[in-house]
Amino acid sequence: MRLASPRPRLPRAAAVACALSAPLAPAAAAGTPADGSDRHRTGEVVTVTTAGVGDPGNPPVGVVPFTDAVYPDCAAAPATPGGCLTVGGVRYPYEIGKLEVTVAQWVAFLNTVDPDGHDRLGLWDANESGETWPRYGQVEFAEDARRGRHYSLAHPEWADKPYGFADFLDAARFVNSLFNGRVLAKDTATEGGFTYHSYRVRLSPRTERGMYDLDRPDTTRTAASGFVVPSQNEWVKAAYYDPSGGGTYSYWKYPTNAGVFGDGDATAPGPTVLDPTTGDVTNASIRPLASYHPSGGAAPTWCPGQVPPAECATVNPLGLDPATYATLYQGSLSTGGQALSASPWGTFDQGGNAVEWTDTITPPPTGQDFGRVWRRLHGGVSNAPAYQLWPSAVGLQPQDNVFYRHTYPWLGFRIGVVGDVGPKRP
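Reading the sequence shown from the start, the letters are residues -27 to -1, 1 to 399 in mature numbering (1 follows the signal peptide of the UniProt record, and there is no 0).
Treat the hints with care, since some could be wrong.
[As the list claims (entries may be wrong)] Straight-line alpha carbon distances no greater than 20 Å define the calculated EDC-like cross-link-like pairs of lysine to aspartate or glutamate that follow:
(1) 397 with 41
(2) 159 with 46
(3) 397 with 113
(4) 159 with 373
[To be verified] Taking CB as the label site, the calculated pair distances span:
(5) 237 with 53: 16 to 24 Å
(6) 168 with 397: 39 to 47 Å
(7) 161 with 115: 22 to 30 Å
(8) 29 with 164: 16 to 24 Å
(9) 20 with 115: 21 to 29 Å
(10) 257 with 300: 25 to 33 Å
(11) 268 with 118: 40 to 48 Å
(12) 15 with 257: 21 to 29 Å
Simulated from the structure, these hints should not be mistaken for laboratory data.
A virtual CB, placed ideally from N, CA and C, is assigned to each residue, including glycine.
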C-alpha cells in the first residue's frame, strides 16, 4: 500500500491517501449518449457549479514530493530520491468544481444508476451507513424501498458535505452519468471577481462508457468536450496558480492563500472549528481558513446530533477499541465552502476537507503495478497536517483500493469541464 505522504500521522488502518493531462480525443458531445438514444428521462437532476480557469498556456512549476518549495522547472530542483514533477501547466481554458461532489449529489446518482437496489457495480458498502458507522456513515440503503429510492442520506446534515468513500472508478462513473445525461440549463455569473457556471443536469443510468470507458482499466478521456475528473495539472492550476503573478513563480503555497515557501506551517491557513452536531463552520470570520488538522491542535470534528455521543465516540465497523478509534479517526468533513477562503480561481476546499482524485495515471511507487492502475490525488484532508495542503503533496493510490474504500471516510472528488458543454437543442 502506498500512502500519500512519507510522514503519515496515522497507522495503516486510517492512513491518508493525500494530495497528487491526458490528451483529448474527439467523440460524442457531452449530454448525448453515444448511441443517440434518450434513456435518461427518469434520472434525478443535480446542479453542478464550476469555476472558470483561464490563462491558457500558463507556466508549470517543479515540485519535489512533500517538500516546502517550488522551482521554475525540474532542472532547478535538487536531486532527491523522490525525484521532481512538473505540475500546473494547462494549455487550454477549462472549468473545475467550485466545491467537491456532495453526499446529496451522490445519493441522487445512486438512485439513478441503481433504481432497483441491486448494487451490481458495488457503489455502496455497509460501512457507509450511519447505523454501522455513526460518526462517518453518510448514506443509508433500504432494501424494501420503492424503486429509485433505495438510497438516502444517513442524516440531513450530510447533504452538503463532500462524499467521502470514493475510489477513482466511482468518480469516473459519476462523470459518465453526467456526460451521458441531459444538460437542462446552464447559467453563468460573476461573483467576487470569479466566473462561475451552474449546470442543471438530468443524470443518466449509463455509467460504464462515456467520458471514460471502464472496460479499459487504464481508461483516459474519450472526448474533447464534456464533464471530466480533473487531471493533476488542471487540479493544481485551479488550486495554486495565480494569474496576477502572486506567490512564488506565480504559485501559491496553499489553495487558500499565497503563504511563504520555506517557512513550514507559519503562514498556513487557520483550522476550521465545526458545530459539533451539524459540521457547519463556526469561525468563518477568520481567513484564510481550511478544514485540516494543525500540528499540536485539534482536528475539525462533528457527529450528527441525532446520534448519542457515546456511539459517536465508540461504535465503528473496524472493531477498534475506543482509545485506538479516538487516535486513528480525528477529523471530520465540514460543510462545503463554508471556510470561505478561495483559491486564485474561486474554488473552495481544495485545501483540506476531502482528499480528491484526479484522472492522471502515474507509475506505482514500487515500479511494479501488479496489474493495478495508480492515479494521483491532491488536496490535504481534515485529519492531516498543513504540509498535505502544499502543491508538492503529490499522492498516489490504486484507482480501486478496496481497503481504503472501506476504512477511509475522507476520499472525495470534484467535477471538471473541458470544451463547450451546455443544453442541446432537440
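Status of each hint after checking the structure:
1. Taking the CA atoms of residue 397 and residue 41, the gap is near 46 Å; set against the 20 Å cutoff, the hint is violated.
2. Taken as a hint, the residue 159 and residue 46 pair is broken in the structure, with Cα atoms around 38 Å apart against an allowance of 20 Å.
3. For the hint pairing residue 397 with residue 113, the CA-to-CA distance comes to about 35 Å; that exceeds 20 Å, so the pair is violated.
4. With a C-alpha separation of about 33 Å, the suggested pair residue 159 and residue 373 falls outside the 20 Å cut-off, and the hint is violated.
5. For the pair residue 237 and residue 53, the supplied restraint of 16 to 24 Å holds, since their beta-carbon distance comes to about 18 Å.
6. The given range of 39 to 47 Å is broken by residue 168 and residue 397, whose C-beta atoms sit roughly 22 Å from each other.
7. For the pair residue 161 and residue 115, the beta carbons lie near 39 Å from each other, so the given range of 22 to 30 Å is not met.
8. Checked against the hint of 16 to 24 Å, the C-beta distance between residue 29 and residue 164 comes to roughly 22 Å, which is consistent with it.
9. At roughly 25 Å, the beta carbons of residue 20 and residue 115 sit within the given window of 21 to 29 Å.
10. Take residue 257 and residue 300: their Cβ atoms lie about 29 Å apart, and the range 25 to 33 Å holds.
11. Evaluation of the 40 to 48 Å hint for residue 268 and residue 118 yields a pass: the beta carbon distance comes to about 45 Å.
12. Remark: the range hint 21 to 29 Å for residue 15 to residue 257 is contradicted by a beta-carbon distance near 39 Å.
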